[in-house]
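Protein chains: 2
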Amino acid sequence: MPNIPVTTRFGQYTVSVGSGILGSLSTHMPARGGIFLITSPEIWALWGERLRTSLAPKEPTVLFLPPGERHKRLSQVERLVTEMTKAGADRSSVLIAFGGGVTGDVGGFVSAIYMRGIDYIQIPTTLLAQVDSSVGGKTGVNLQTGKNLVGCFYPPQAVIADIELLRTLPQRELRAGIYESIKAGLIRDEALFRFIEKCREAIDRGDAASLEKMVATSIRIKADVVGEDEQELGVRMILNFGHTLGHAIEAATDYRALLHGEAIAWGMLAALEISRQRKMLTSDEVRRMQKLILYFQPPPLPPIRPKRLLHVAAGDKKNRAGVRRFVLLQGLGNAVVVEDVTDAEVLAAMDSTRQLCESQ
Amino acid sequence: MPNIPVTTRFGQYTVSVGSGILGSLSTHMPARGGIFLITSPEIWALWGERLRTSLAPKEPTVLFLPPGERHKRLSQVERLVTEMTKAGADRSSVLIAFGGGVTGDVGGFVSAIYMRGIDYIQIPTTLLAQVDSSVGGKTGVNLQTGKNLVGCFYPPQAVIADIELLRTLPQRELRAGIYESIKAGLIRDEALFRFIEKCREAIDRGDAASLEKMVATSIRIKADVVGEDEQELGVRMILNFGHTLGHAIEAATDYRALLHGEAIAWGMLAALEISRQRKMLTSDEVRRMQKLILYFQPPPLPPIRPKRLLHVAAGDKKNRAGVRRFVLLQGLGNAVVVEDVTDAEVLAAMDSTRQLCESQ
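If you read the sequences in order, they're chains A and B.
Quick note: the first sequence uses the numbering used here, first residue 7, plus one each step.
Quick note: the second sequence uses the numbering used here, first residue 7, plus one each step.
Hints were generated in silico from the structure; no laboratory data involved.
Some hints could be false.
Since the list can't tell identical chains apart, any single copy or any two copies may satisfy a pair.
No more than 25 Å apart at the CA atoms, straight line, and that leaves these computed lysine to aspartate or glutamate pairs for DMTMM-like [to be verified]: (1) Lys153 / Glu84; (2) Lys313 / Asp96; (3) Lys92 / Glu345; (4) Lys92 / Asp349; (5) Lys92 / Glu65; (6) Lys92 / Asp260; (7) Lys219 / Glu179; (8) Lys219 / Asp290; (9) Lys153 / Asp96.
Put together the whole structure using the sequences plus the hints.
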C-alpha cells in the first residue's frame, strides 16, 4: 500500500492508497474526542456498514449532505455545524468526510471553521476526489455568483484512498476521474501518460491493480507540485491545465451538462489546440493526446455561444487582477503558464474542438 | 506612536497605537488590488469622511454590516462575500474592517475565506476591540447554538488602533473596554493595574494620553501571551480570566443584558471570589481589585438562576472534552489555570458576587 507524504506549510500528512484499506482507519482516530462523519445517503447505503465496522467499537455521529454541487453552500455548512454543536462536538472531535468531491470540500471547510479548526480525515469515494481533491488542502463552497469562491486552505490529518470504493462508482464518474489522471501525465509525467495509454482498457473496466497504480502516481504528481507551492502562486498553476475553459464550459452550462472531469476533458482538448496553434506541440503529439482523452468517451461538448464562453472565462477567479492565465503544453509532460492568450486564439481553439467533437 | 509586533505561526504583523494615526493607512494599501471596507452605518457616518481622505486617491468599495451581535452570522458573511464578488474583488484585493468587535470578527472571517484568503487590515473603533480582538487572529461568527462557534485563526496584515476614534465612543462602551485592560493587568502586569488605578479618573473621561498608554500596554501583554501560544492550547488560556462565568452570564441573558466587557467584569469579580476562597488571594488584595473594577460602574448583574448559569457554563466551548477550566489569580499579575473548580465553589462565588453587586 503506497503511503504518499504531502507537505504543506501547515504541516505534513499522508495519503494512503490501496485496495481494501478502510480497516486502517482506526489508527487515525483520537483517544478521547468524538467522531463525526459527513457523507451522502447514497454512499452510506453502499458502504456505511463497512465503515462502521472499521471504526468499531467507536460509533460515529453520521451527518448527511445531499449529493450534488448545488448543496455545496454556506447554508448547508451552517446546518452541519449546528448539528455538530447539538451532538456535542468539541475541539477534540474529529470529522471524517466520506464521499466525493462535494463531501470533501464541504467536510474540509466544516473542519476548518468548526471552533476555528478540528482534525479531519478524508475518505474520497470517487476517482476524481481520490486523484484531485485529496491533495492540496483546498476546502470550500460555492456562492450564487460562482464556484469555490469561499473556503480555506486546510489540510486533513490523513487521506485514505481505498480503490475498492470505486467498485460501486458509475462508469461515467470513473471516466471523469481518469481525465484528471491523464492531465497529471500531460503536465508532468510522460510515464504516467504512457501507462494510461497502455492500460486504458483495464482502467476503463475498473481493474483494481491498474487503478491503484494510476491513482498513486497521480497523487504523487499533485503532491509534488503542491509541495512546491501550497498557495497557488506559481508552479501549482499548471494543475489548472484544461481548467480555464473547462470551468467556463461548466459555468456557461450551469454545471448541469457535464461532470467536472468531463468539462476538464474538453478544456484540455481546447488547450491542446492552442498549444498546437502556437507550435508548442506537433500535430502528431496532439493527435496522440486527443486519442487517449477521447478513448474514454467524454459526452459531447454542449452548445455554448463562443462570446458567452469568453465572458464567463473572464470572470474566473484564477485571473489575478484581470490577467488571463492559460496553461499550455510545451511537449508531453511539460506544462507552461502563459498570460498572452488572445480571445481570437480561444475562439479558434473552441472552433477546432467543436469540430473534433462532431467528428466523433 | 508605539508599533507592537505580533508573532503568530502564520507570520508577523504590527499593531500601531496612537492618536490621529489613520493617515498612515495608505502605506498598507496594495499597488493594484481593489480596496473593500466593511463597516457599520453609525461608524461610517461619524468617521467615513476621515477614512476616505486617508485612502485618497483610492476609493474603497464600502459594505455595511448592521451593528450588534445578532448580525454576526453566516448569512451576513454570505451576503458580504457575494457583494464583493459582484463588485469585482479578487485575490489581490484588500479588505478593511472598520468598526467594533463584531465588524472585526466578521471582516476577519470574510477575509479568511474569500477566495481562500485575502489581505486584511483591522481598524478597531471601540476600546474593547482595540485591546482585545486586534491581537490573536481570531475571526468568526455565531451559530444559533452558541457564540463564536465557527471561524478561523487568520491574522491581519496590520492593525491600526487610533485612540482618536474613541472620542465618539459612548462612555458605557469605553468602560466595557477598560475592564479588559484591567484583566490584562490582573493576569500578567501589576504595573498596568497600578497605572489604571492611578489614572482611573483621566481614563474614565477619555483622556487620550492615558488611554494610549493603557491600550498600548494591554496590547503588548496580549501579544506576548498569544505569541507564546497562538492556538490556545496552553498559556493563552489565561486571557480567559473572567470569561468562563462572563460568557455564561452573557449566554444566560441572551447577550442582551450586558455588553461583553461588562459580563467579563462580573465574571472576573466571581473568579476573584473563588481565588479568595482558595486562599490564592488575600481579602485585602481582592478588595483592592474589586474596588478598581467597580470604580467603572458595571451595570448590575442581571438576575440568573444559579443552576441555569452552571448549565450554560458546562456548554462553553472552552471546555475541552468535558473538563471545566478556570483561570484564577495567585496574587496580582499572576494567573493560573485550574481544572478542579467544583459546582459548589462556583455557586458560592456567584452568591458573594451578587451580594457585592447589591451592596453597590
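Hints, one by one, checked against the model:
For the identical chains of this complex, Lys153 and Glu84 are neighbours both inside a copy (18 Å) and across copies (13 Å), given an alpha-carbon limit of 25 Å. In this assembly of identical chains, the alpha carbons of Lys313 and Asp96 lie at most 25 Å apart only when taken from different copies (23 Å versus 50 Å within one copy). Only between protomers do Lys92 and Glu345 lie at most 25 Å apart by alpha-carbon distance; the minimum there is 24 Å, versus 49 Å within a single protomer. In the homo-oligomer, the alpha carbons of Lys92 and Asp349 lie at most 25 Å apart only across protomers (23 Å), although the nearest pairing inside one protomer, at 52 Å, exceeds that limit.
Taking the shortest Cα distances, Lys92 and Glu65 sit within 25 Å of each other inside one copy (16 Å), while across copies they are farther apart (44 Å). Proximity of Lys92 to Asp260 under the C-alpha cut-off of 25 Å is restricted to the inter-copy arrangement: shortest distance 18 Å between copies versus 35 Å within a copy. For the homomeric pair Lys219 and Glu179, the shortest alpha-carbon distance inside one copy (18 Å) is at most 25 Å, but the shortest distance between copies (63 Å) is not. Taking the shortest alpha-carbon separations for Lys219 and Asp290, neither the intra-copy value of 27 Å nor the inter-copy value of 73 Å comes in at or below 25 Å.
Proximity of Lys153 and Asp96 under a CA criterion of 25 Å is satisfied inter-copy only: 13 Å between copies versus 30 Å inside one chain copy.
Of the hints listed earlier, the one the structure fails to meet is number 8.
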